[in-house]
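Just so you know, the protein sequences line up as chains F and V, in that order. Quick note on my numbering: the first sequence kicks off at 1 and runs consecutively. Quick note on my numbering: the second sequence kicks off at 1001 and runs consecutively.
Bear in mind the hints are in silico, worked out from the structure with no lab data behind them. Be aware that a few hints might be false.
To spell it out: a stretch of chain F is covered by chain V in this simulated footprint if at least three of its residues, at any positions, have a beta carbon under 8 Å from a beta carbon of chain V; those stretches are [what the hints assert, rightly or not]: (1) 16–28; (2) 102–108; (3) 124–133; (4) 138–146.
In silico lysine to aspartate or glutamate, EDC-like type, Cα no more than 16 Å apart, as pairs [to be verified]: (5) V/K1395 x V/E1450; (6) F/K50 x F/E162; (7) F/K79 x V/D1221; (8) F/K79 x F/E65; (9) V/K1395 x F/E122; (10) V/K1024 x V/D1221; (11) F/K26 x V/D1221; (12) F/K170 x F/D206; (13) F/K26 x V/E1338; (14) F/K170 x V/E1253; (15) F/K79 x V/E1224.
Cβ coordinates follow ideal geometry from the N, Cα and C atoms, glycine included.
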Amino acid sequence: MSKSNSRSFRVLVSGPLAVFTRPEMKAERVSYEVMTPSAARGVLEAVLWKPSMRWVVTEIAVLNEIRWMSFRRNEVNSKLSPRSRNDYFADEDRAQRNTVALREVAYEIKAHLCLTEKAGPEETVTKFEEMFERRLEKGQTFHQPYLGCREMAADIRAADGEREPISLSKPLGLVFYDFDYLSEPPRPLFFEARLDRGVLRLPTWDEVRRDNQGRAEE
Amino acid sequence: MMLRALVELATREGLVESDDFEKKRVDFEIQIDDDGRFVGLISLQGEDGKGQRMSVPRFPSRTMQVVPGFMVDNAKYVLGIGDPKKDKSERLAKCQAAFIGLIKDAFTATKDPGLSALLAFYERIADNLASVLRDRSADKWSGSEILFFSDPTLGRLHDRPAIREYWAAFRNAETNDGGSTERARCLVTGRYDVIERLHPMLKRVPGGQSSGAAVVSFNADAFESHHLSQGDNAPVCRSAAIAYTTALNWLLEKVDDRPHRHGVRIGDDAVALYWTTAPDKALSFFADLWEGPRKEEAERFFESPWKGQPPADLDQNRFYAVTLGGNAARVVVRDWFETSIGKVKENLSQYCDDLAIGAVRRPFAIWQLLAAIDPPGKATAPPDMGARVFAASLKGTPLPRELLRHALLRMRVPGKKAEAFWVLGARVALIKATLLGIGRTDQNKTHLKEVTVSLDSNSNLTAYNLGRLFAALERAQQNALGDVNSTIRDRYFSAATMTPALVFPRLLRMAQHHIAKAKAENREYGIERTVTEIVGRLPATGLPSLLTLEDQGLFAVGYYHQREAFFTKRKTSNPPAASAAGEE
């Protein structure tokens, strides 16, 4: 393997609606103000993902002013898998839930990819770099990329670098980073986020996990 | 960030005494002696029927299930007395058994004499209960009274140091209602702590259950992820959970003549709460503005909103607002807003200026504005309209354009004679404010920024002048005929606003007759001159055949201004000066 990290990609993601749900307001959804790292990862994975690679998001720049809207939808109370039941009627299991969503969002995601332990000898970072570029160019995705919630479809393309981030700077508090799937059951990881002239800079996975584990032993 | 800001508020105001004890109103004191015999029942209720505040072991949050408090609880748990209509005796027995169970555990651990006296009290509960009921008969109890025990030598039993210590230790070791004791990072404080599984409830949130509703709650499995259950989905430690809910309950609390300490009811099912990072006198002004202006204060506010307020040094402090509604057992956060106090002052001043109309020199409360656009007895505006008006006033954004449509629809309904005077004023104020908002944001409609507070007799806006003309014609009719059953406003207002070219020629012909009649009876009062003057301002090319929604709004404002000018004229001895003074 010649190198472990790919070069940085800049991807422009936008959509009319986005809900990056705060865990504390999850039943009656309220979004974070800014896209979360795991949502950015999800968008990239919609374009390209293999077990032998993973995405590392380093920066999320907010390109549109933060605007909100709120609505109610009829949802359901239970989770089920197709195997468990086949007599489920959504009408009898309604939960009306409120959502406070973001409107007209656009983000520039800066990320690179690296190989995992599952990468075979024939797989190289360059291969994935080129695959990602081709797929992004052609608009190919494995599934519809979305902004936090499956219903909030996203448009994704290579960033042209013409758009400036907004000028807002503020602390965002503890923001969800991602799930730590190495622990059983998976545990949520949080990081202290700060918007700096419209840009959210992300700590690395190792930093966050060290930060979250280190203090757990106190 | 909202929870963090609330925790800061709780700390600043010293709302949380400790995680294990809370201040609560207690209604009765049961005195017992060392052998557990009943001595007396003392009512601590004041004249307002409310009990005395004291520090008691923190109550559990419960809805339907039986969960006892420790040493202090309501009559159902302490005495097994409930409302005979609602409470079943088996359930009451269960409650009481659970309550005694906790005391037994405490006694095993501490051997405190207070607890042994209390257990002795329960051993002869039948006799003792009969004595209690002699002091206060069974039909007087509702089950919700909070009681505690005291002993002449041992004092308030729940206040005894050994018992308090036991309670704190018990709470710490408690496995959080069966949740994990594993520590996790609290997403409010960032510290590692035991995670609160069920969060305390909020009271008095409109639309929520009366027993309380929770902000952070996962009461159906569709709300949970990754095999996490309840509070583990949103790791918040106990002290943060207690602090933020205490802060919200404090904001929601009824104070004197206000329904909420720092909150405004907006619409039927929402309440907007607001607070700042430093105590600020301006907060009470905000309440006056949104809730129902008390006259003098509101007037002062209107003249110069921040007169007598501390200068701008506090303006850098943060201002927070959250709109909450209830959805059964859950609290819905509808809107969350964070800015500086200075910015809010600026936005509110603009909101007040926008709403200023004619001689009505006071801000309208939000409920008044909404009442003014609903037809009598019906609510047609969308339920979230109040919240949107509130948000617009805070954020300095334009009022929803939808309001214009609702207000204009309402204008077309024939006015009831009994309708309160302020209603028309509020309606037109809302139209004016909406127009100004559109004028500021829409590049193609900057002419809407010209809308004035009172009559602008130099305006060249056609729709505005048509509104004035309509008022003048209505006046001419009144001068000629006095009060009639159906005025031209009742019959033609709607058509005149929408299709002026069709209606005005006919109205003008009618007016000729009215003016002639008024002249004959010497009641003309210069109306002909006004009509001529306004007609002269209309375009020579002819009247527009259709008016847009915004122009219909201008029409309504012109109508209101002109009508008000007539009233002022009649009241003052010097008509020209009065109309000039009305101009901005």
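Evaluated hints:
1. 16–28: This one holds; 7 residues, not fewer than the three required, reach chain V with a Cβ under 8 Å.
2. 102–108: Not satisfied, violated; 0 residues make the cut.
3. 124–133: It is violated: at least three residues are needed, and the stretch 124–133 of chain F offers just 0 whose Cβ sits closer than 8 Å to chain V.
4. 138–146: violated (count 0)
5. V/K1395 x V/E1450: Violated, because 22 Å separates the two Cα atoms, which is more than 16 Å.
6. F/K50 x F/E162: Violated. F/K50 to F/E162 sits at ~31 Å, over the 16 Å cutoff.
7. F/K79 x V/D1221: holds (6 Å)
8. F/K79 x F/E65: Cα-Cα ~35 Å, so violated.
9. V/K1395 x F/E122: Between V/K1395 and F/E122 the Cα gap is close to 57 Å, so the pair fails against 16 Å, i.e. violated.
10. V/K1024 x V/D1221: Measuring from Cα to Cα gives roughly 33 Å; hence the hint is violated.
11. F/K26 x V/D1221: holds (12 Å)
12. F/K170 x F/D206: Distance of about 25 Å is beyond 16 Å: violated.
13. F/K26 x V/E1338: violated (20 Å)
14. F/K170 x V/E1253: violated (31 Å)
15. F/K79 x V/E1224: holds (9 Å)
Consistency with the previously given hints fails for numbers 2, 3, 4, 5, 6, 8, 9, 10, 12, 13 and 14, ordered from lowest to highest.
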